[in-house]
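Going line by line, the protein sequences match chains Z and G.
If you read the first sequence in our numbering, its first letter stands for residue 1, the second for the next number, and so on.
If you read the second sequence in our numbering, its first letter stands for residue 323, the second for the next number, and so on.
Don't read these hints as lab results, they were simulated from the structure.
A couple of the hints might just be wrong.
One-sided excerpt, in silico: chain G residues whose CB lies under 10 Å from chain Z [as the list claims (entries may be wrong)]:
#	residue
1	Gly415
2	Val416
3	Arg422
Every value quoted in this text rests on a predicted model; they were computed, and no experiment measured them.
Every residue, glycine too, gets a C-beta built ideally from N, C-alpha and C.
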Amino acid sequence: MSTQAIPRARPGSTSGAPSPALPAQLRRNAPLVPTDTAAGRSLAAVIAILTFLAGLCAGAAEMVAANAAQWQGDVAQEVTIQIRPSPGRDVEADLARAAGLARSEPGIAETRVFSKAEAERLLEPWLGSGLDLSDLPVPRLIALKLDRNKGADLKRLRAGLLEALPGVASLDDHALWLQRLSTAAGAFVGIGIGLVILVLVATGLAVTFATRGAMASNREVVEVLHFVGADDDYIAKAFQRRFFGLGLRGGAIGAGCAILAFVILGILARAARSGPAGQEVEALFGAFQIGLRGYASVVLIGVIASLVTGVVSRITVRRFLA
Amino acid sequence: MKSLLPGAERPVVQFENVGMRYGLGPEVLSDVSFRIAPRSFQFLTGPSGAGKTTLLRLILLSVRPTRGLVSVFGEEVSGISAKALTGLRRRMGVVFQDFRLLDHLTTYENVALPLRVQGRTEASYRAEVVELLRWVGLGERMHALPPLLSGGEKQRAAIARALIARPDLLLADEPTGNVDPGLGRRLLRLFLELNKLGTSVVIATHDFGIMDAVDARRMVLGEGRLRIEE
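With the rest of the complex left out, here is chain Z (with noise of 0.2 Å):
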């Protein structure tokens, strides 16, 4: 060591012509926090596990709410008109003249008269086939289309059914049907939408006592920190770049799992459709698929996860160092 002259250190005078002679492969600007620590692999595993519950949480939500819409569509673009048998009625002539109300009607895009074969096969699955229902007072049906464009005023044709033909001709919408569903799938979603919010709790919850953790183990870098004339923003930067590494590692690692988790799923159930329970599953529960908006909100939800991650991370160090 020699004590000649100290090197005339003046801030940027060196800055755009740096000596030919530094070493090429200085390492530079580390990060201040060591990373890749046993508890951050543990925090980002934690991040991971959490991410990948929330992703498919919000992936069946989605899933059910886009059958849901679908099945309440198809549902909804259907009403029924009953006519009952009763003695000393002709229940063709009632029908024909129900029928011809409802074409009347200009939101009606097809009607459909069931005939008396049709309607008594409607019953063969309760009563099986073979049986002479020709004593019986089968109701008779007509299958009424909506049409998508024009709103049809269903009150109004259920009031001149009841005119014309009272007692015997009803109306249904299956307003009762749809409300059940819409219900059940709402609450669904909710459910959904609620575990995904609490799993990002837990997560914002276990970054708090990890960043805790870090800054406890890590008080001599803080204290060094400040001593070479670092201010607590500068600090907590440090402490939110890792964290937010961690999260997005956990996040990214968590969303990728759950996206393949639907993928396979989504192809075993593509698999199992070609036999009669598959196709009774996907008549009861809709085809197994997320769409692109369920695999946006899965990736969504891994970039939130990292978010919340930094930004918790952030204010904990904030608190700790206030």
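Here the structure of chain Z is known, so what remains is to put chain G in place on it, guided by the hints.
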């Protein structure tokens, strides 16, 4: 900035009747009053446990006095804002007895730390840091992590870190405590060189060999009280 009357210059550090106790314990320092003039060189000495480190921590603003007034660079520090505190600390360099190098950063990164936390880009200080590292004899060790450095190398890295931002005040706590007498004298020459360039230097030590080598003011702490030997 330079005044015709040296005594009229604003002191770098000024203590007036400062008392300090930790919690409900006895006073570690009592009625301590002194001034550190710009471009001055002094030793802070006294037996172990006399309060040297506490006095340095008071100057570093890492603890606040129980009573009395502490001014650093002309600013009274009670109720100082966090921003002003950071500003004052950036004008000080400190060499800790236990070096306090960050083990996960290389020697180069450790020395560059005071410039890095000022938000400067790495390219703007790279040459400066490398030059200083070569000057303190660590040119070949700049990639090494502190756990792999010898005691003397750590000492020089810690000193280089304290010098890199060209502080107005250098505080060194037992800087020769961990090195052989030969290296101790060389480090002392380094501090004198720095002092000649305008930095006020305070060296806390109880190494009389070092103190006798330089004709400088001695601040002697004993039983919590300060005596100045000019």
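Inset, instruction - Could you check the structure against the hints above and give me the numbers of any it violates, in ascending order? - result: none
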